[in-house]
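Asks: Spelled out from the first residue to the last, the chains are:
Protein chains: 2
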Amino acid sequence: MNIEERLRRYQAQLQLDFPEETFSAFELRLRMYQNWIETTLSGYFPDGPVSHETLIRSMRYSLLAGGKRLRPVLVLEFCRVCGGDVEKALPVACGVEMLHTYSLIHDDLPCMDNDDLRRGRATNHKVFGEFTATLAGDALQAEAFASVLSADLPPERLTRCGRILASVAGHNGICGGQQLDMDGEGKPLTEQELMEIHASKTAALIRGACLMGVAAAGGTREQEAAAITYADALGLAFQIRDDILDVTGTAEELGKPIGSDVQQGKTTFMTLYGEAACEQRVLELTDRAKNVAKMFLNSEFLCDLADTMAVRKH
Amino acid sequence: MNIEERLRRYQAQLQLDFPEETFSAFELRLRMYQNWIETTLSGYFPDGPVSHETLIRSMRYSLLAGGKRLRPVLVLEFCRVCGGDVEKALPVACGVEMLHTYSLIHDDLPCMDNDDLRRGRATNHKVFGEFTATLAGDALQAEAFASVLSADLPPERLTRCGRILASVAGHNGICGGQQLDMDGEGKPLTEQELMEIHASKTAALIRGACLMGVAAAGGTREQEAAAITYADALGLAFQIRDDILDVTGTAEELGKPIGSDVQQGKTTFMTLYGEAACEQRVLELTDRAKNVAKMFLNSEFLCDLADTMAVRKH
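Top to bottom, those sequences are chains A and B. Mapping to our numbering: the first sequence position 181 is 197, numbers consecutive. Mapping to our numbering: the second sequence position 24 is 40, numbers consecutive.
No wet-lab data here; the hints were simulated from the structure. Do not rely on the hints blindly, as some may be mistaken.
Listed below are the simulated DSSO-like cross-link pairs for lysine-lysine, each with C-alpha atoms no more than 30 Å apart in a straight line [as the list claims (entries may be wrong)]: (1) Lys84(B) / Lys329(B); (2) Lys84(B) / Lys142(A); (3) Lys329(B) / Lys142(A); (4) Lys84(A) / Lys329(B); (5) Lys104(B) / Lys142(B); (6) Lys282(A) / Lys310(A); (7) Lys282(A) / Lys84(A); (8) Lys306(A) / Lys84(A); (9) Lys142(B) / Lys310(B); (10) Lys84(A) / Lys142(A); (11) Lys142(A) / Lys203(A); (12) Lys282(A) / Lys282(B); (13) Lys282(B) / Lys104(B); (14) Lys306(A) / Lys203(A); (15) Lys203(A) / Lys142(B).
Note that this is a predicted model, so its numbers are computed, not measured.
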């Protein structure tokens with residue numbers, strides 16, 4: 017099914033379900049993407065051998081715990097704005113979300129951040145125990161590559177997507193970022209150190225998601241360069257907003273206790289710049305993302321997405 | 017450099033280094049492969065950003081801890097007997113060893129088998145701490161895919177290799193096997209349960225290594241089928257020999273305390289069959305591996321490898 021046809025069908029369904037409400041073109045497309053990703057993710061690992069049941073339940077527990085699905089949405093949308101077949105990028109998008117989920121499970125482990133709550137629910141190791149949570153993360157990383165490499169795309173595009181994923185997942189990507197984050201715990205960090213942690217821990221996968229969308233569409237160098245600029249601006253604004261919300265948000269909205277950064281003595285963009293300068297940076301970065309998005313045809317969604325992320329409450 | 021030219025050069029060097037000794041054609045080729053793999057592995061992750069130094073030292077500590085390098089040797093040799101360019105399969109072989117190393121690091125973690133010694137040295141988490149060991153494993157899994165997908169092979173062969181790796185690494189492969197192994201601890205297992213653990217935990221990656229060698233060479237379906245039969249026979253013989261050595265070996269030869277299976281109340285092939293039947297099974301399986309190897313041209317190495325693995329002391 018063509019992506020615009022899928023959008024029309026989703027709109028018709030939404031009007032049946034919520035006859036009183038109206039949705040903007042942005043909301044409609046975002047919900048369609050999210051709904052499509054949720055449905056697809058929930059079809060993964062339906063039933064392996066009975067003997068692997070605990071592991072599979074643990075993987076699905078975290079994979080289907082909701083969330084904004086920002087990274088897979090970016091894969092799909094960058095594929096679309098580069099003129100690719102969005103249907104075929106779906107396994108790539110789902111692979112990116114699996115990798116993100118694995119990194120969250122491992123970050124929460126007792127030997128890492130030792131968190132009890134994530135998105136308002138008990139963390140994976142609190143429910144399934146430490147070794148199963150470790151293995152669920154390990155397996156989700158492998159299945160992320162399996163999903164990406166299963167996409168019905170030309171082999172050159174597949175290998176390109178796989179290489180991008182491996183590069184953001186490795187020691188110069190999220191693992192290196194988490195190592196720096198752990199090493200820096202309880203110590204005051206300089207702005208440069210904080211930026212370095214952010215660049216590898218959070219920004220890398222957001223950048224990778226945008227680049228995989230371009231790669232799935234067989235996009236140009238110019239499109240890659242624009243995707244990087246957009247991703248890095250969006251990713252940094254995203255992290256600054258996270259740090260603001262940890263101080264100004266509510267536990268209810270965030271699904272986790274607020275003030276945890278301050279409690280743990282963490283250096284954040286809030287401790288470095290203060291709230292007013294943080295808000296200013298988010299605005300500037302959002303403008304930068306929107307400006308570069310305009311090089312794509314049909315850039316409205318990417319612009320609205322940047323705006324929405326900038327003012328989010330959770 | 018052609019692989020046979022590489023072999024001749026290695027032989028010349030070996031004769032300079034050990035003028036008194038003679039080496040069989042099998043020993044020569046095995047040592048050449050091992051030496052080539054060691055040299056290549058030691059060139060990985062030479063120096064990332066200084067800030068990631070601890071993580072990289074931890075990854076290299078386990079990756080360069082020696083061992084038989086059985087899995088990468090199988091990749092290279094199956095590529096050779098299928099007529100492929102062995103040089104180009106080297107990054108695939110190294111990727112397989114990275115995946116194997118990651119699985120050992122995580123298996124040793126306190127929340128898993130909680131082992132202090134591996135190959136005569138302190139385990140990764142004993143040296144670098146638990147969170148760094150977890151991250152080193154995570155990063156090595158990602159870098160395994162990066163290495164495989166970096167090989168200078170046609171994209172269809174690369175994606176095939178990547179898919180094989182993902183499939184043996186995921187929930188139906190080594191993660192599922194480790195979950196079953198942990199679930200079964202302290203409980204008596206049936207033969208079927210033990211075989212299932214073995215199939216996913218140990219045999220899967222050995223099978224994957226052989227299949228990736230075939231894939232790197234662009235081998236045929238018949239060659240794939242033969243590789244599977246060889247791998248499964250070799251893999252099971254390997255595990256039974258491991259179980260025998262845990263009872264009859266010496267701590268010095270094994271580089272770890274012996275009798276640990278018995279102490280932990282583990283069901284092994286020794287507890288199920290006894291020593292005589294285990295030895296008999298190893299012989300039968302080795303014969304099966306050698307018989308199927310003969311469908312390849314130049315099968316002497318694969319036959320000698322099966323023989324050598326069958327009688328190994330560590």
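Asks: Which numbered conditions among the earlier hints are violated in the structure presented, ordered from lowest to highest?
Replies: Failing hints, ascending: 2, 3, 4, 5, 6, 9, 12, 13, 14.
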